[in-house]
Amino acid sequence: MVEQQWRKWAYCYIPLALFVIGLIFPFYWMLITAIRPDSELYRAWRAVNNAPFWTFHPTVAHVEDLMAKTMFPQWLWNTFFIAIASTIISLFCGLLAGYALARLHFPMVGTLGTAIFVTYLVPPTLLFIPLANIIRDFQLGDTPWALVLTYPTFMIPFCTWLLMGYFKTIPRELEECARIDGATRFGAMLRIIFPVAVPGILSAGIFAFTLSWNEFLYALVFLASPERKTVSVGVVSELIRGDIYFWGQLMAGALLGSVPIAFIYSFFVDYYVTGLTGSIKG
Amino acid sequence: MDHEFADQVGSVAGVEAALPRPHVERPWSLMYLLDNERFLAVVLLAPALLLLGAFIAYPFVMGIWLSLSDTSVGNLGHFVGLQNFVRAWDDSIFRTAFKNTFIYTFWATLFKLALGMWLAVLLNRHFRANRIIRAVVLLPFIVPTVLSTFAWKWMFDPTFSVLNWLLFRVGIIADKLPFLSNGTWAMGCAIVVNIWRGMPFYAISFLAGLQTINPDLHEAASLDGANGWQRFWYLTWPLLKPLTVVVVVFSIIQTFSDFQLIYVLTGGGPANSTHLLATYAYQVGVAAGLLGQGAAISLFMFPVLFIVVWIQLRYVRRLEGV
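These protein sequences, in sequence, are chains Z and G.
Read left to right, the first sequence gives residues 5 to 286 (my numbering).
Read left to right, the second sequence gives residues 2 to 323 (my numbering).
Hints are computed from structural coordinates only; laboratory data are not their basis.
Be aware that one or more of the hints could be misleading.
Derived list of chain Z stretches under chain G, where covered just means 3 residues or more per stretch with a C-beta under 8 Å from a C-beta of chain G [claimed, not checked]:
hint: 1; stretch: 17 to 26
hint: 2; stretch: 133 to 144
hint: 3; stretch: 197 to 207
hint: 4; stretch: 271 to 281
Even glycine gets a Cβ: it sits at the ideal position worked out from N, Cα and C.
Generate the whole structure from the sequences, applying the supplied hints.
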């Protein structure tokens with residue numbers, strides 16, 4: 005019995021605890037840096053009085069500076085707006101396309117499905133230079149619309165793919181019943197199938213929202229004015245003045261930029277996981 | 002076609018008569034048109050295809066044109082053939098970036114796979130607080146990479162590194178480690194951060210796969226005398242293989258084309274020793290404004306991505322065929 009107990013600790017609890025500590029530590033470090041006064045922050049690594057894992061004088065000065073002296077609240081709002089708008093566009097396109105690919109018979113349905121799947125695998129880093137040109141040609145440079153319109157390129161394929169899989173699990177009979185009762189094909193799709201697919205839509209939406217909140221490269225290349233930037237780009241380009249890193253403020257920014265997305269995620273963990281695992285299933 | 006045929010047979014057999022159906026005169030309207038399957042398909046697919054065409058297909062073609070021209074900011078380019086590609090290949094920084102991209106992808110993927118699988122097996126055991134731990138484990142994957150990478154950069158700071166402090170206190174090191182100030186070390190650090198960020202994705206995907214495996218199989222194997230490791234190697238792993246291929250392909254694409262992590266952690270430095278193809282393409286194409294040259298550098302990613310995507314498609318088709 006003691007033997008078994010010991011094995012359980014060695015093979016299960018201790019490794020798991022190490023994993024969790026390793027995965028969480030950077031966030032703890034963000035938090036502790038954000039509330040630590042500068043006098044404690046910049047102590048040489050070998051200083052005797054250095055106690056880096058906690059602080060005796062917690063302060064909100066960094067957070068206040070961030071909120072009052074930088075455009076951080078504006079960046080937060082920009083990120084939120086762009087994420088919501090691009091998620092709505094992607095869900096709209098993905099819903100319609102996913103339904104068409106799952107339910108309708110037309111020539112090239114297989115080829116189109118594959119084509120959309122392949123665009124899912126095209127990374128933004130392959131296209132950002134020509135895309136910057138196109139954004140300029142369309143007069144979209146330095147506007148949120150540059151991102152609202154380009155983010156769907158990596159979210160639509162994902163939403164389509166996920167929702168297509170979801171529609172395939174809804175029995176055809178449901179739709180056929182509605183059709184027999186006189187509904188048009190379009191009406192049956194709108195009033196019968198889409199409401200049934202709400203959990204799938206929620207999964208796709210949550211996952212798409214986090215993708216959009218996370219995006220960095222397009223936002224870095226397409227936006228120039230400080231007041232138009234997203235959180236990620238703002239923190240990188242505006243909080244570092246010259247070569248000097250204000251770590252307290254930087255970590256406060258990193259923390260506050262992560263909290264909203266972590267908060268939303270915590271309410272929808274199960275939907276998110278469904279989205280995540282659905283995103284890779286063929 | 003089959004449905005229509007069945008309908009006709011049905012009405013001939015008199016089934017239709019038994020089910021009185023309201024006969025609505027349908028005018029030649031939009032709704033009538035939308036009942037045509039092909040027309041409806043075109044309407045439903047149009048928004049998605051329009052956006053993907055304008056912002057993926059078109060830039061892709063334009064990227065190929067740019068890479069064959071000497072376009073730079075404010076200068077409409079001329080066709081120069083493969084000159085950009087040849088020049089990139091002669092550039093020592095490019096070669097370092099090219100090599101780094103493969104090293105980075107290989108080591109990061111290998112460790113993410115191994116650690117992710119291990120964590121998934123651990124999480125698959127049932128104990129209290131499992132749900133909370135599962136949610137917590139995914140955090141590094143949820144939080145914007147740029148922001149979490151800043152936390153790591155601070156932890157690797159040359160003067161104030163907490164990791165140095167920790168290792169020194171434990172007595173493992175006598176002097177500070179050159180985390181980001183030495184090229185090889187910096188690459189290693191970038192790989193560690195990538196593993197930290199990407200591993201939860203593997204773990205949660207594998208966990209979903211593990212939960213579909215029938216526990217009876219494990220029981221049968223233990224009754225036959227298989228120990229834990231044997232059960233994993235001969236039972237779990239073969240069953241998870243299809244999922245593994247898909248997860249690894251995804252991860253390779255993401256890792257191979259990574260940009261933000263290196264951009265924040267090292268900026269390609271010290272002395273351009275940690276550039277990846279994407280960050281070097283950014284430096285040349287955007288920071289220096291040489292659009293043609295930058296487009297050519299990022300197109301060097303294409304063959305590898307193409308092969309990986311091709312494998313993926315072959316594999317998905319084969320699974321569907323079975």
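For each hint, the structure was consulted:
1. 17 to 26: With 5 residues closer than 8 Å to chain G, the stretch 17 to 26 of chain Z meets the three-residue bar; holds.
2. 133 to 144: holds (count 6)
3. 197 to 207: Check failed, 0 qualifying residues.
4. 271 to 281: This one holds; 5 residues, not fewer than the three required, reach chain G with a Cβ under 8 Å.
Comparing the model with each numbered hint stated earlier shows that hint 3 is the single one that does not hold.
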